[in-house]
Amino acid sequence: MSAATGTSKTGHGDGAAKKKKGPGALATAYLVIYNVVMTAGWLVIAVGLVRAYLARGSYHGLYYSIEKPLKFFQTGALLEILHCAVGIVPSSVVLTGFQVMSRVFLTWAVTHSVREVQSEDSVLLFVSAWTVTEIIRYSFYTFSLLNHLPYLIKWARYTFFFALYPMGVSGELLTIYAALPFVQKTGLYSVTLPNKYNFSFDYHAFLILVMVSYIPLFPQLYFHMIRQRKKVLGHVEDYSKVE
Amino acid sequence: MKHYEVEILDAKTKDKLCFLDKVEPNATIGEIKSMFHKSHPQWYPARQSIRLDPKGKSLKDEDVLQHLPVGTTATFYFRDLGAQISWVTVFLTEYTGPLVLYLMFYFRVSFIYAPKYDFTTSKHWVVHLACMCHSFHFMKRLLETLFVHRFSHGTMPLRNIFKNCTYYWGFAAWMAYYVNHPLYTPPIYGEQQIRLALIIFLFCQIGNFSIHIALRNLRPPGSKTRKIPYPTKNPFTWIFLLVSCPNYTYELGAWFGFTLMTQCLPVAFFTLVGFIQMTVWAKGKHRSYLKEFRDYPPLRSPILPFIL
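Top to bottom, those sequences are chains D and W.
Using UniProt numbering, read the first sequence as starting at 1 and increasing by one per residue.
Using UniProt numbering, read the second sequence as starting at 1 and increasing by one per residue.
The shape of chain W in the complex, shown without the other chains (with noise of 0.2 Å):
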């Protein structure tokens, strides 16, 4: 068996990072990684980005040393992503500061309100019902992120934690704020507005997580195959007929009966920045379904049927 030369070069530099020989032909990405960590241990593998050309895109772990265009010496490049944390980390931090914010505004914890109003509770229903859909949908998604989705990519750059709690608690804490103020005003349309906004909530809330159990069930346990998602037993997942990003589409329902519900403008904006980042999200996911798959479904939109 033929051992194969690795040198790694700095991707800006051209400097000569890292000699490695007798690499075994069907030695991965992910092993040289490894490799390549050992000699530089500031470089752990999730932040090496590895190519064949300096502004090239970076090879998959996955990929065998092998079967990529080399020869037997063969010249990678190599880029430092900068400091990563692993997704799973970034949800579960993202998503706990939601629940926990809200919480203290609808207890109405001091210095939020005026102090009279300390400890004090809402004499609107509405308020109360609001209170238990925000919690539930963030601790979906807690319990998602734990037992349910299965990562593509282990890490994402630091920075980006900082980035997305800011949103997310920033966001959590303002809608908050306004439902369970105590000058709140419940929706105009009463009790009808309410079961209707509930209805739709959960209505999406089932639906996106059984798309969400859907796209699980497509990949198999420490895999990171993408297959095309189609529509299972379960009716939710019907709207795969339609839409490549069903999970988006229930989100964004699932917001929008929210806003109904609580009849509170920075609600309705928060839905609003979170369907065009999701409609940003599902375009480039449609695009590369069609780019990978050549029998892609036509009649598929990538996040609203037919519209969008």
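Just chain D, with the same shape it has in the complex (with noise of 0.2 Å):
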């Protein structure tokens, strides 16, 4: 589900309503760098996991190798709920906000937060869903903005998510489901009663809240992508031009 589908409007669509609202020059000049920026960050994080996994011979506990770079990329995505609410990026503010904290949450407040999830093989079935997904989805907004977008990357924008989507949907539940028992046993950010401000929280149930959240989102989300998917490659042969 945390794998993005960003609902940018650029390189698709009819060519007037492209030609009506964009970032000025300085804006695009700067989404740019941030998007090649970000595509490079994530390439290194793809990088880590293959070196890595070249120099152990398994698949286990990769998660070390690539975690600082993980976590300073993906927290680095917060800038994109910034550039919605100024105005540079045609996306929903909400949507790309809700899309970013569930990223950031599930790299902090999951995998960082609980030590003994991190060496599960969970953990790498979403790292790398995500990291594909990435190094896609900000090289398809670079080339997008530089009005240069190869169909082989719109393709792949729409089309890996068929697998990559419940791959991270998959990784991500399973790994806060194992992380579930840990924090029960140390009451890991849990506020219990009596307290002077007449608060509880319980993570435990959160977390056990969130998974549930992901049946009713993760089809929506899924079956938007697919939509998108029909009105940007269906349309090929007549809009070739407009990209």
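These are calculated hints, taken from the structure and not from any lab test.
Here a beta-carbon is modelled for each residue, glycine too, at the ideal position from N, C-alpha and C.
Take these hints with a grain of salt, some might be off.
Pairwise CB distance ranges (calculated) [claimed, not checked]: (1) L188(D) <-> K60(W): 55 to 63 Å; (2) G284(W) <-> A29(D): 32 to 40 Å; (3) S213(D) <-> Y230(W): 46 to 54 Å.
If you only want the chain D side, here are some residues facing chain W, beta carbon under 8 Å, derived [as the list claims (entries may be wrong)]: (4) L193; (5) P194; (6) Y197; (7) F199.
These stretches of chain W come out as covered by chain D in the derived footprint (C-beta under 8 Å, 3 or more residues) [stated by the list, open to error]: (8) 177 to 183; (9) 257 to 270.
Join the two chains into one complex using the hints; note that each chain is given alone, in its own frame.
Below is the structure:
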């Protein structure tokens, strides 16, 4: 579910709407730099994973080899919320916020916070899914901003998600599930009564709620991407010059 | 007297939905909606949006045909607003929930807290006071809905009732759970804090009510006129000098008082969320006032004097 869908309208749709309102020259330059840096960052993570696998000879515990760049670049994506809020990216602040926050939540509030899950294979599952998704997504944005989007990237963005989404969701759910017993045992991030703020929070219950929320949310996001795919790739013969 | 012909097209598909001939020049949009309803019974007037332009603003029910920029054959575009529900119904439902739910927590009905606490009462008198204040607040809202408010719009989209009730009922249950909890901790500064909180709460309840009465009196019964509100003889309305929507100002104050009284984080959170929403509404209302009235008093802020 955290595999970003993005609703950026650059790169498809009718030409008239695209020319009406776009970021200025300075904003475009900034965005190109931002997207290039993010593409590079996730490539670093991808390379890091491959090198660590080749060095160790096993899939186990690869998280530790890319922990820092993962945290850095995934957290950096918070800027995307700002981009929408300021208006240089034509996406919904709420949708983008939701997607980025769910990634950041998994990175920090689950994987970082519960050491015991860091060696789980489910972590590798979602990290790989995120890595491939983000490399494609950020290069898609980069090329779109430069008005030279290779069809291959557009195709990849709207096709790879078929596998990457379920992969990512599975990895995320399994990781949260693996974290549950440790959270319950240690009372991590939980507040109990009595206290002077008359407030309580059960992080264990919260995590279960998060897992349950995937049920209505994941299909919606998945089918949204499928619909986007039809719109974007379906009309490629008609709008081949509008990329 | 020359009659008009009216054709109504679907705003999206441009299909001809209805043709009315021999329409009086002084017919209102409201009357045209009734006529349209006859040929399309599933679209009662409240869910019709009639406009001059497919993407334009909705015309008002009071608009008169001959005063609109149309020829003797008028073309209007129709958009279905979806199932509608009356504002009164929504208000009554969304306010009754908190009233009932809070009381259920107050009386510690079964299955909320551990069984040994069922139907027990709190030993802290502030908890009883809080229950009285909360209940009073929502009873006041219900009575105002029935007897005080004069609504501009009759209806709103049906889905709003689910959204609104989730908000009010959800928050009420969340707050009530903690205030009435057997392990509730009373305010740190004790009696002083509670007394101050109660004074603020009551002051703002009276203030809020005064504003509602003042706003009601601006508008004759059954009308939808809009006028600039001004301070009246009632001192609680003098805040109109500084603020466009003092009803929200007082509402914020009342919940602030309740937060102070209960010293409960969920209550503080509810107050904060309400404040944000009311600020959005106040800014919108303030902007409409400025747009509609040239002579709107410049000293006024939307919700907080001089600040916001």
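Hints, one by one, checked against the model:
1. L188(D) <-> K60(W): 55 to 63 Å: Holds, since L188(D) and K60(W) (Cβ atoms, about 57 Å apart) stay within the stated range.
2. G284(W) <-> A29(D): 32 to 40 Å: holds (36 Å)
3. S213(D) <-> Y230(W): 46 to 54 Å: holds (49 Å)
4. L193: Given a least distance of 4 Å, the restraint on L193(D) holds.
5. P194: holds (4 Å)
6. Y197: holds (4 Å)
7. F199: Hint holds; F199(D) Cβ to chain W Cβ min 4 Å, cut 8 Å.
8. 177 to 183: Check passed, 4 qualifying residues.
9. 257 to 270: holds (count 5)
Of the numbered hints given earlier, the model fails none.
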